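**Student:** Top to bottom, those sequences are chains A and B. Note that numbering that gives the first Met the number 0 numbers the first sequence so that position 285 is 284, with each residue one more than the last. Note that numbering that gives the first Met the number 0 numbers the second sequence so that position 141 is 140, with each residue one more than the last.
Derived from the structure by calculation, the hints contain no laboratory data. The model shown is predicted, which means the values in this text are computed figures rather than measured ones. We put the beta carbon where it would ideally sit given N, CA and C, even for glycine. A few of these clues could be false.
Just a sample of chain A residues kept apart from chain B, beta carbon distances all over 10 Å, derived [to be verified]:
| id | residue |
| --- | --- |
| 1 | Val41 |
| 2 | Glu47 |
| 3 | Lys91 |
| 4 | Glu109 |
| 5 | Trp116 |
| 6 | Lys139 |
| 7 | Ser142 |
| 8 | Pro159 |
| 9 | Asp192 |
| 10 | His250 |
| 11 | Ala264 |
| 12 | Pro268 |
| 13 | Gln279 |
| 14 | Val280 |
Chain A regions said to be covered by chain B (calculated; three or more residues, Cβ under 8 Å) [unchecked claim]:
| id | segment |
| --- | --- |
| 15 | 14-28 |
| 16 | 60-72 |
| 17 | 238-247 |
| 18 | 308-316 |
Derived DEER-like restraints, expressed as beta-carbon distance ranges [said to hold, decoys possible]:
| id | chain 1 | residue 1 | chain 2 | residue 2 | range |
| --- | --- | --- | --- | --- | --- |
| 19 | A | Phe71 | B | Asn204 | 43 to 49 Å |
| 20 | B | Ser105 | A | Val68 | 27 to 33 Å |
| 21 | A | Asn229 | B | Tyr262 | 51 to 57 Å |
| 22 | B | Leu217 | A | Glu187 | 56 to 62 Å |
| 23 | B | Arg159 | A | Arg50 | 42 to 48 Å |
| 24 | B | Leu217 | A | Tyr141 | 52 to 58 Å |
| 25 | B | Leu120 | A | Leu39 | 51 to 57 Å |
| 26 | A | Gln146 | B | Glu268 | 52 to 58 Å |
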Amino acid sequence: MLTFTIRRLILAIPTLLFISLVIFLLLELAPGDPMAQVPLTVPPEVKEKMRLALGLGEPGYIRFYKWLVQFFWVEPQILFDHMFGTTFAEGKQRIISWQHRGPVMDVVVERLPQTLWVVGLSYIVGILIALPIGIYSAYKQYSLFDQAGTFITMIGYSIPPFFTGPLVIVLFSVNLGWFPFIYDTTHEVVDWDSFVYQLRQMIMPVMVLALQTTAQISRYMRASMLDNLNQDYVRTARAKGLSERVVVLVHVLRNSMIPVVTVIALGLPAIFGGAIITEQVFSVNGIGAQLIGAIQANDLPTVQTLTFMFAFLIVFFNLIADVLYGILDPRIRYD
Amino acid sequence: MTDTTNTEPATPPHSQWYDVWHQFKAHKGALLGGIIFLIIVFGVFIGPLLWQYDATYIDIRARNQGPSLAHPFGTDQLGRDLLARMMAGGQTSIAVGLTAMLLALSLGSFVGIIAGFFKKLDGPLMRLTDLFLALPILPLLLVMMMLFREPLSSAVGPERGIFILIVVAIGVTSWMPTARIVRGDVLALKEREFVLAARSIGTSNKNMITRHILPNVLSPIMVSATLGIANAIITESALSFLGLGFPPDFPTWGRLLNDAVQYLQDYPERVFWPGLGISLTVLSVNYLGDGLRDALDPRIRGR
């Protein structure tokens, strides 16, 4: 198992390098000019110097190498310094955003908590709803509950978040006036009332994202439970006289969770992608909104860094899913 | 002594596609999904011929109207008829969905069959598929839209340029699941006796693929086709919704939804129709795929 994990880790490095190269080459083709916003009164030679100061004078492969060094070497050092008060990264060049003229990572660190709260909470809520639905619809296969569950998950699959988002806004904000329309990022939780406000403004984005998660996970849970319910060991457990509750919730559930856990790990990066749209709908000031803003402002270093971070999440969770599968299921042996 | 000459079957023989249709009919949701999808397709392509208003006709005196007999869905902020815009938007959205699906499907089937059939290419092609699966699709699509919008628009015209761009972008980022499924099926097929028989009478690789392998992997390809349409329509709408799809005056369902969201506080009902168009199409196509999967699987058929 350990050798497998190490092998997968080593294999992940060329994958990540390849993806960062693809993103870099794509952005190389960008027609936008970072000097487009500079006033016309600035003479061309000064503009040329500004361009060089942004590091645009170098050939592509050197810029790619420098970006790699900044992302994988300098930025972790900054993080380390920040955590332990050391000065490893003193005076080293960081990834600078063309839009804010400041380090990209500072903005990311500012924006990440909003995304993590909304995305993380919605994922947890979605899983908590999905698992009981999946278990019960498998246990009562073809019952009314199962049919209704199938229909609702189909709807969850089919209705995109950019429709459910406006729909719940119309229903709960415009017509009923229960929840605030726009997510207030500057809101701080200090007492009970502000906590309630925070809860109220989070309900809609979280539920919209959770619907997608619920639809997927409950399908997998149902299929996996159905596979296990007809196995011989279930009959043995019943024959031993175990109560139905123990048979289903202990024996069957534990075995059915093996593939579902990996699906949960695999689905997490996708939910970050979905968050890009949900953040746009509810005006949540997270990294998805930062990516859209950077794309519209032609801020290539930010776009490159954020896109790569999304890719990193995908590769990382794929790895976790693979390793988890091996740990949970003793029948799977990779070596 | 029993009569062994009378071996006529009890029921008249019928073709494989009759069986498939028979099984498909039994799946009520799939049948309904197929009918609704056909109605939507006919509605958006034939409807504009019968409807009096043009999708781009501006009547500023009739702006922001609610539903009426003249404008069943109402009008937008420039007085354009929303029913006409819904139909025009549906044409684009469904055309994008079908074309992108065809591109993704042919790419995926090609890679899948080649990888499954030729052992030497299997490793590299599957690593390539894995690499593509690890790409962050939505951010990359957004980046591609940002980069190639201007050059392509100026080269072949704004609408056609964006159409080509969106179709190609969705096509090259969504062929991977098809390739994996097809490869798995081809690998299993290669071990079957009929392939050995065909090989033993000297069938060439080209004929082997086109005559023996391809017809047998048609059913997974058809199922992923339906899922591909749904996926492509949602992706196109998402791009248009984020403002990085078609130009503002060119209606698609995602674009109409985006326009409606900007007037959400004053005219909340405007969100409904484009959203319903997207959701209903995707829902019906998903059900269609579900039924097709059952109908094309001979192990389930007949039960």
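**Student:** Decide, hint by hint, whether the structure agrees.
**Tutor:** Consistency of the hints with the structure:
1. For valine 41/A, the non-interface assignment is confirmed: its Cβ lies about 24 Å from the closest Cβ of chain B, beyond the 10 Å cut-off.
2. Its beta-carbon lying about 24 Å from the closest one in chain B, glutamate 47/A satisfies the requirement of being farther than 10 Å from that chain.
3. Here lysine 91/A stays apart from chain B, with its beta-carbon at least about 27 Å from theirs, past the 10 Å limit.
4. Interface exclusion of glutamate 109/A from chain B stands, the closest Cβ pair being 19 Å apart, more than 10 Å.
5. At roughly 20 Å, the least C-beta separation between tryptophan 116/A and chain B is larger than 10 Å, which holds for a residue marked as non-interface.
6. The beta carbon of lysine 139/A sits about 19 Å from the closest Cβ of chain B, which is more than 10 Å, so the claim that it is off the interface holds.
7. Distance check for serine 142/A against chain B: the nearest CB is about 16 Å away, which clears 10 Å, and the non-interface claim stands.
8. Look at proline 159/A: its CB is around 5 Å from the nearest CB on chain B, not clear of 10 Å, so calling it non-interface is violated.
9. No Cβ of chain B approaches the Cβ of aspartate 192/A within 10 Å, the least distance being about 26 Å, so the stated non-interface status holds.
10. Every CB of chain B is more than 10 Å from the CB of histidine 250/A (nearest about 28 Å), matching its label as outside the interface.
11. No beta-carbon of chain B comes within 10 Å of the beta-carbon of alanine 264/A; the shortest separation is about 14 Å.
12. With a least CB separation of 7 Å from chain B, proline 268/A falls inside the 10 Å interface cut-off, contrary to its annotation.
13. Separation of glutamine 279/A from chain B is inadequate, the least Cβ-Cβ distance of about 6 Å not exceeding the 10 Å criterion.
14. The beta carbon of valine 280/A sits about 7 Å from the closest Cβ of chain B, which is not more than 10 Å, so the claim that it is off the interface is violated.
15. Requiring three or more residues with a Cβ within less than 8 Å of a Cβ of chain B, the coverage given for the segment 14-28 of chain A holds, as 8 such residues are present.
16. Note: the segment 60-72 of chain A has 0 residues with beta-carbon separation from chain B under 8 Å; the three-residue rule is not met and the coverage is violated.
17. By the rule of at least three residues with a Cβ nearer than 8 Å to a Cβ of chain B, the coverage given for the segment 238-247 of chain A is violated, with 0 such residues.
18. Under the rule that three or more residues need a Cβ within less than 8 Å of chain B, the assignment of the segment 308-316 of chain A holds, with 5 such residues.
19. Checked against the hint of 43 to 49 Å, the C-beta distance between phenylalanine 71/A and asparagine 204/B comes to roughly 45 Å, which is consistent with it.
20. The supplied range of 27 to 33 Å is broken by serine 105/B and valine 68/A, whose beta-carbon atoms lie about 41 Å from each other.
21. Range check, asparagine 229/A to tyrosine 262/B: Cβ separation about 54 Å, and the 51 to 57 Å hint holds.
22. Under the hint 56 to 62 Å, the C-beta atoms of leucine 217/B and glutamate 187/A, about 59 Å apart, fit the expected range.
23. For arginine 159/B and arginine 50/A, the hinted distance range of 42 to 48 Å is not satisfied, since their beta carbons lie about 34 Å from each other.
24. Between leucine 217/B and tyrosine 141/A the beta carbons are some 30 Å apart, a value that contradicts the proposed interval 52 to 58 Å.
25. Checked against the hint of 51 to 57 Å, the C-beta distance between leucine 120/B and leucine 39/A comes to roughly 55 Å, which is consistent with it.
26. At roughly 31 Å, the beta-carbon separation of glutamine 146/A and glutamate 268/B lies outside the given 52 to 58 Å, and the hint is violated.
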